[in-house]
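A.B. asks: Sequence:
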Amino acid sequence: MKRKFIRTFGAGSGPRRSAQQSGELAARDALVQSLRDRDHENRATIDLQRKEQKSNADVVRQMLTEDTKCTHWQKGYVV
Numbered sequence: 001m002k003r004k005f006i007r008t009f010g011a012g013s014g015p016r017r018s019a020q021q022s023g024e025l026a027a028r029d030a031l032v033q034s035l036r037d038r039d040h041e042n043r044a045t046i047d048l049q050r051k052e053q054k055s056n057a058d059v060v061r062q063m064l065t066e067d068t069k070c071t072h073w074q075k076g077y078v079v
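For the sequence shown, counting from 1, position 18 maps to 18 in UniProt numbering; every step adds exactly one.
For the record, the hints were derived by calculation from the structure and aren't laboratory data.
Treat the numbers as computed from the prediction; the structure is a model and nothing was measured.
In this text, a Cβ means the ideal position worked out from N, Cα and C, and glycines have one as well.
It is possible that some hints are incorrect.
[What the hints assert, rightly or not] Restraint ranges, calculated between C-beta atoms of paired labels, are given here:
| # | residue 1 | residue 2 | range |
| --- | --- | --- | --- |
| 1 | ARG38 | ARG61 | 47 to 57 Å |
| 2 | HIS40 | GLN62 | 26 to 36 Å |
| 3 | SER18 | ARG43 | 33 to 43 Å |
| 4 | ILE46 | SER18 | 51 to 61 Å |
| 5 | LEU35 | ASN56 | 25 to 35 Å |
| 6 | ALA44 | THR65 | 51 to 61 Å |
| 7 | VAL32 | LYS54 | 57 to 67 Å |
| 8 | LEU48 | SER22 | 37 to 47 Å |
Hey, can you work out the whole structure from these sequences and the hints?
C.D. replies: Written as structure tokens, this is what we have:
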């Protein structure tokens, strides 16, 4: 005797959500998305600041090598 197994998952199954629950989920999703956007903006500004610091360090290193002709600056030590 074969038994048929009813599919217990998929579309249309699971507990029903009330309107309040779906509204809360939508609000939570919107909050998560805004936090992600802010995180991406912060990372972009941090990357820009790092590039500026790196270029400033290169300028200082170049000035020091021109002025003193010191060998350890030419080897590439970070300012």
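A.B. asks: If a hint holds in the structure, say so; if it doesn't, say that too.
C.D. replies: Here's how the hints hold up against the structure:
no. : hint                      : verdict
1   : ARG38 - ARG61: 47 to 57 Å : violated, 34 Å
2   : HIS40 - GLN62: 26 to 36 Å : holds, 33 Å
3   : SER18 - ARG43: 33 to 43 Å : holds, 37 Å
4   : ILE46 - SER18: 51 to 61 Å : violated, 42 Å
5   : LEU35 - ASN56: 25 to 35 Å : holds, 31 Å
6   : ALA44 - THR65: 51 to 61 Å : violated, 32 Å
7   : VAL32 - LYS54: 57 to 67 Å : violated, 33 Å
8   : LEU48 - SER22: 37 to 47 Å : holds, 39 Å
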